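Chemist: Residue-level listing of the chains:
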Amino acid sequence: MAQRVAESERGSRRIRAPRFVMALPAWIWFAFFFTIPVLWIAYYSFGYKPNIFSTIATDKLTFDRYSEALSPEFLHVFKQTLQISLLGTLLTLLIGFPFAYWLATRVAERWRGVLLGLVIVPFFVNFLVRTVGWLILLSPGGPLSTLLLRWGIRDQPIHLLQTRGAVQLGVVYNYLALMIFPLFVALDRLDPALREASKDLGASRWRTFRQVTLPLAAPGIVAGLLLVFIPLTGDYITAAVLGGAKGNMAGALVASQFTTAQNWALGAAQAVILIIMILGTVALFALLGLAIRTTARRTRRITLPAPIERAT
Amino acid sequence: MADRQDERFINILASQATAQRMTRRAFMTGSVVAAFSGGFLLAACGSDDGGGTTPSSSGSTGGAASPELEGSLNFYHWAEYDDPKLFKQFTDEFGPSTKIDVYASNEEAIAKLTTAAGSSGYDIVVPTGVFIPLMVENDLLEELDLSKIPNFSNIEPVYTDQPWDPENAHSVCKDWGSTGWILDKKQISTPIATWQDFIDVAMNEASGNVSVLDAPNELAGLYFWANGIDWTTEETADLDAYEAFVVGELAPHIKAFDSYPGVALTQGNYALSQVWNGDARQGLNAVDNPDDYEWGLGAPETELWMDNWCIVKGATHPEAAYAWINFILDPENSLKDLEFHGYNTGIAGVKEAAEEAGLPFLDMVFFSDEQVATFRAGEVNSALDRQVEIYNKAKAAAGG
Amino acid sequence: MSAVPAAGLRRRRDRVAVALRVWSIAVYVFLFLPILVIVVYSFNQGRVLLAWNGFGLEGYRTGIADNVIVDAIKTSIAVAAGTAVIATILGSFAGIALARRKGRWTPIFLLLVFIILVTPEIVDAIALLIWYVRIGGPFGPDVTIPAVSYGILRLWVGHSLFATAVVTLIVRARLEGLEESLEEAAADLYAPPGRRFRQITLPLMLPAVLAGALLSFSFSLDDTIISSFVSAAGASPWPVVVFSSLRSVLRPEIASVSTLLLLLTLFAIACVALVLRRGGQSGEEVAKTMTVGG
Numbered sequence: 009m010a011q012r013v014a015e016s017e018r019g020s021r022r023i024r025a026p027r028f029v030m031a032l033p034a035w036i037w038f039a040f041f042f043t044i045p046v047l048w049i050a051y052y053s054f055g056y057k058p059n060i061f062s063t064i065a066t067d068k069l070t071f072d073r074y075s076e077a078l079s080p081e082f083l084h085v086f087k088q089t090l091q092i093s094l095l096g097t098l099l100t101l102l103i104g105f106p107f108a109y110w111l112a113t114r115v116a117e118r119w120r121g122v123l124l125g126l127v128i129v130p131f132f133v134n135f136l137v138r139t140v141g142w143l144i145l146l147s148p149g150g151p152l153s154t155l156l157l158r159w160g161i162r163d164q165p166i167h168l169l170q171t172r173g174a175v176q177l178g179v180v181y182n183y184l185a186l187m188i189f190p191l192f193v194a195l196d197r198l199d200p201a202l203r204e205a206s207k208d209l210g211a212s213r214w215r216t217f218r219q220v221t222l223p224l225a226a227p228g229i230v231a232g233l234l235l236v237f238i239p240l241t242g243d244y245i246t247a248a249v250l251g252g253a254k255g256n257m258a259g260a261l262v263a264s265q266f267t268t269a270q271n272w273a274l275g276a277a278q279a280v281i282l283i284i285m286i287l288g289t290v291a292l293f294a295l296l297g298l299a300i301r302t303t304a305r306r307t308r309r310i311t312l313p314a315p316i317e318r319a320t
Numbered sequence: 378m379a380d381r382q383d384e385r386f387i388n389i390l391a392s393q394a395t396a397q398r399m400t401r402r403a404f405m406t407g408s409v410v411a412a413f414s415g416g417f418l419l420a421a422c423g424s425d426d427g428g429g430t431t432p433s434s435s436g437s438t439g440g441a442a443s444p445e446l447e448g449s450l451n452f453y454h455w456a457e458y459d460d461p462k463l464f465k466q467f468t469d470e471f472g473p474s475t476k477i478d479v480y481a482s483n484e485e486a487i488a489k490l491t492t493a494a495g496s497s498g499y500d501i502v503v504p505t506g507v508f509i510p511l512m513v514e515n516d517l518l519e520e521l522d523l524s525k526i527p528n529f530s531n532i533e534p535v536y537t538d539q540p541w542d543p544e545n546a547h548s549v550c551k552d553w554g555s556t557g558w559i560l561d562k563k564q565i566s567t568p569i570a571t572w573q574d575f576i577d578v579a580m581n582e583a584s585g586n587v588s589v590l591d592a593p594n595e596l597a598g599l600y601f602w603a604n605g606i607d608w609t610t611e612e613t614a615d616l617d618a619y620e621a622f623v624v625g626e627l628a629p630h631i632k633a634f635d636s637y638p639g640v641a642l643t644q645g646n647y648a649l650s651q652v653w654n655g656d657a658r659q660g661l662n663a664v665d666n667p668d669d670y671e672w673g674l675g676a677p678e679t680e681l682w683m684d685n686w687c688i689v690k691g692a693t694h695p696e697a698a699y700a701w702i703n704f705i706l707d708p709e710n711s712l713k714d715l716e717f718h719g720y721n722t723g724i725a726g727v728k729e730a731a732e733e734a735g736l737p738f739l740d741m742v743f744f745s746d747e748q749v750a751t752f753r754a755g756e757v758n759s760a761l762d763r764q765v766e767i768y769n770k771a772k773a774a775a776g777g
Numbered sequence: 006m007s008a009v010p011a012a013g014l015r016r017r018r019d020r021v022a023v024a025l026r027v028w029s030i031a032v033y034v035f036l037f038l039p040i041l042v043i044v045v046y047s048f049n050q051g052r053v054l055l056a057w058n059g060f061g062l063e064g065y066r067t068g069i070a071d072n073v074i075v076d077a078i079k080t081s082i083a084v085a086a087g088t089a090v091i092a093t094i095l096g097s098f099a100g101i102a103l104a105r106r107k108g109r110w111t112p113i114f115l116l117l118v119f120i121i122l123v124t125p126e127i128v129d130a131i132a133l134l135i136w137y138v139r140i141g142g143p144f145g146p147d148v149t150i151p152a153v154s155y156g157i158l159r160l161w162v163g164h165s166l167f168a169t170a171v172v173t174l175i176v177r178a179r180l181e182g183l184e185e186s187l188e189e190a191a192a193d194l195y196a197p198p199g200r201r202f203r204q205i206t207l208p209l210m211l212p213a214v215l216a217g218a219l220l221s222f223s224f225s226l227d228d229t230i231i232s233s234f235v236s237a238a239g240a241s242p243w244p245v246v247v248f249s250s251l252r253s254v255l256r257p258e259i260a261s262v263s264t265l266l267l268l269l270t271l272f273a274i275a276c277v278a279l280v281l282r283r284g285g286q287s288g289e290e291v292a293k294t295m296t297v298g299g
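Heads up: the sequence lines are chains C, D and P, in that order. All you need for the working numbering is the position in the first sequence, starting with 1, plus 8. All you need for the working numbering is the position in the second sequence, starting with 1, plus 377. All you need for the working numbering is the position in the third sequence, starting with 1, plus 5.
If you're looking for bench data, these hints aren't it; they were derived computationally from the structure. In this text the structure is predicted, and so the values were computed from the model without any measurement. The reader is advised that the hints may include incorrect statements.
What the hints assert, rightly or not - Label pairs and their in silico Cβ distance ranges:
1. C:A39 - D:P510: 36 to 44 Å
2. C:S75 - P:L41: 36 to 44 Å
3. C:P151 - P:R203: 51 to 59 Å
4. P:F60 - C:L126: 21 to 29 Å
5. P:F119 - D:N758: 44 to 52 Å
6. P:E181 - C:I36: 18 to 26 Å
7. P:F119 - C:G173: 28 to 36 Å
8. C:A211 - P:A273: 40 to 48 Å
9. P:F119 - C:R213: 35 to 43 Å
To be verified - With a cut-off of at most 25 Å between alpha-carbon atoms, the simulated DSS-like pairs for lysine-lysine come out as follows:
10. D:K770 - D:K462
11. D:K770 - C:K57
12. P:K79 - D:K462
Claimed, not checked - Some residues of chain P that are not near chain C, with every Cβ distance over 10 Å (derived):
13. I157
14. Q204
15. L215
Idealized CB from N, CA, C, for every residue including glycine.
Chain C with its partners taken away, still in its complex shape (with noise of 0.2 Å):
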């Protein structure tokens, strides 16, 4: 009543701007300086490298630049960058679940805050100078490999550079803090109280777990596993760094038609694969989880049993 009474008084002091009006400069900005640009982008995916002087021409408009896209060795390119990006993923959420499970239900509320800061600390250094760090110390001439040499575990230097799995623990040292922070917040918000009554009620840990922690935490997994999937997939320089000519991921291929190949027609057609590939896996796994969560629910429907008669 109040509310409405509140309304119609503003409403009547002054003309009423579009409601949209205050989202509008961000509107402008991202118009001019994203999407015109990105269509920009796809439209060049159309066309064709007229010789080896220019890097575009789009007088004929082509679809062959696709089909060169996908031809064998790239799609191999694109697939391993898949690979590394969901592995990489899931990696991060089993490392980073536990740990969040424990800051926010162990840990004495006062020393969340702090606990939680000494997180982020190691992404104050720069992204790239942080990979350095891994190729340090995976470095055949570096620490670890002397330690194990000077050790005896070992009679050779390490040699874990330039390999797939040094990509892998690159993405994932990388990421992490990612999936820890929406993991943290959803566990964070859990009422305790929730997980004490299914006790109470006589469920198992895992029980308790499964069926009152995992689907309330759920919100939070899944922003974790969208905010680490979506920039992995597209970056390319984690794998640079640390994976020789192992760590050829997507991006790096469009990167080089715009720096070496100049082909700009060519390293559009495998951006927007690129960007189809990442909404097609996310679109997917909705999809899927939508799925199970449909099932979940009709499975786990509760049917109440006639009262007990209880002896008083």
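Position chains D and P against the provided structure of chain C, taking the given hints into account.
Modeler: Relative to chain C, chains D and P alone:
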């Protein structure tokens, strides 16, 4: 007979006009004369040096008074290619502060400059010689006014007036070098004498531990030199064979595409690497046990590349650019630079100066005539696009 | 509580608790290991970063004296500050609009924001590269704006896209979590819209705005891909310099300067945390608002 063969090969380093007169003996005599005159020049310079903190000084060898220099100078450059102390010295002596942006391949540099179309903001770019005709055609380089570079006369004539830039209209020699391999003797026991040996070892003993240069044309060179084909070939059949080999056979054995593997190899990252001579030298310099490693010059043929100072079209600090080029052509500064990057700077008398200074591994910097006779300058032609395509496919195949 | 043997429960709980704690310590070690390595190697006296050659301060001396590095850091900070300002202003207003002025436009705008967040950086980078050259003007060297080089302008715009999207979502999440009742109460008490905004809305969303500004700043500082494609002559930010060093030979200066930057950042964060503490925010709350409505 031998002399005429030498004539044909030494053509690469000299223009057509001087080729007829260039026999091996003439070359040697010429070098000796140049060395002596270089020595005299050095002695003359030595007494002049020591001044020049005023911004309008034009360098130790004197010359016409130069106009006011701008406040800064922007380089578009390879990484780690000049001694940082020299940049500082230039700023101290002449005034302009230096800013350097880096590229990793000629194609990348040309790309950025073409896209920018004169608005890149760079003053100096350092392309490899064979790319210069392409850049001139795309109107990327200023024509040089050699009168503003009095130290140009310090360059040995054999390194001037190249076929890809007659009369040095657009470029001045910075340094030149070649391509070979470096290997870890502890891991490779097979002797490597030719590129074919390199390939054999790469696919067997060093499989999974070998690196090749991160450049489309040098990757192609690896195959063509090993198979006795002219590496500037534009024949489709040759390029098809190259693609089948590098994508189908060699790629899975490659550990990395690395243009600076010298240090990495001596750190244990690779067992065998295709490498430029100066970079290999830096690798050997960085360790206490250089005898554990071996450098080999490519055989029976290998590359001759020359990097050059060029002024970008539309440069906003041209006077500073000229001042820098003149500065770096000074024999003393040239020697300091050589000490840093390890490539022959082409300045008269620099070899003797280097020997006198006792710099290590000079056999990797200065080459004998027989060796130089096996060097082939490349060419930027219609095969480049295909080479880049194959290079990208090879990278994709190596990632598997 | 339930009548379960206390001893048995305690033993089971202890094992899980211990396991969790061990795991978490391992995670901290994992997170800090490369940082430790960088700090240690910043004292490397060798000429090459990867080859250890004794303890010394040479890296620090060379790094501070190297004008390329110092310029790069100055550029990075200038760019990051500008990005934070742009992103915070644009994003906050957009966030308010999304939370308080919903309408038919909301799903479209949200879709745009989502697409921006989903687009790989390399696509942004190449799109902007082509676009800047096409429109020229202040993004090219022909038109000069006083005190702002066109290189920095390019980077401000390039970095602000993703940052604005993030700030928008954070502010929106924060405001949606708070009921409008406070603002309506103020309206009922005849507070004019401007005053309402200043005294109710703004303080309420301040943690989100600050978190957004902080995130934008650190995102811009770290950004490598967009920077390496659109940066112009003489305005290379720090990550681009590190990246080019990576493609040739890494020197100890990189590690030394990074260590110095880390110390500076920690100091700055400590100051901000102190200010926030005084303002009544716990560190945890700031951290919470930094995640997108998670």
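Chemist: Would you mind marking each hint as holding or not holding in the structure?
Modeler: The hints, checked one at a time:
| no. | hint | verdict |
| --- | --- | --- |
| 1 | C:A39 - D:P510: 36 to 44 Å | holds, 43 Å |
| 2 | C:S75 - P:L41: 36 to 44 Å | violated, 49 Å |
| 3 | C:P151 - P:R203: 51 to 59 Å | holds, 55 Å |
| 4 | P:F60 - C:L126: 21 to 29 Å | holds, 27 Å |
| 5 | P:F119 - D:N758: 44 to 52 Å | holds, 47 Å |
| 6 | P:E181 - C:I36: 18 to 26 Å | holds, 24 Å |
| 7 | P:F119 - C:G173: 28 to 36 Å | holds, 33 Å |
| 8 | C:A211 - P:A273: 40 to 48 Å | holds, 47 Å |
| 9 | P:F119 - C:R213: 35 to 43 Å | holds, 37 Å |
| 10 | D:K770 - D:K462 | violated, 40 Å |
| 11 | D:K770 - C:K57 | holds, 17 Å |
| 12 | P:K79 - D:K462 | holds, 21 Å |
| 13 | I157 | holds, 15 Å |
| 14 | Q204 | holds, 16 Å |
| 15 | L215 | holds, 15 Å |
Violation of the numbered hints given earlier is confined to hints 2, 10; the remaining hints are satisfied by the structure.
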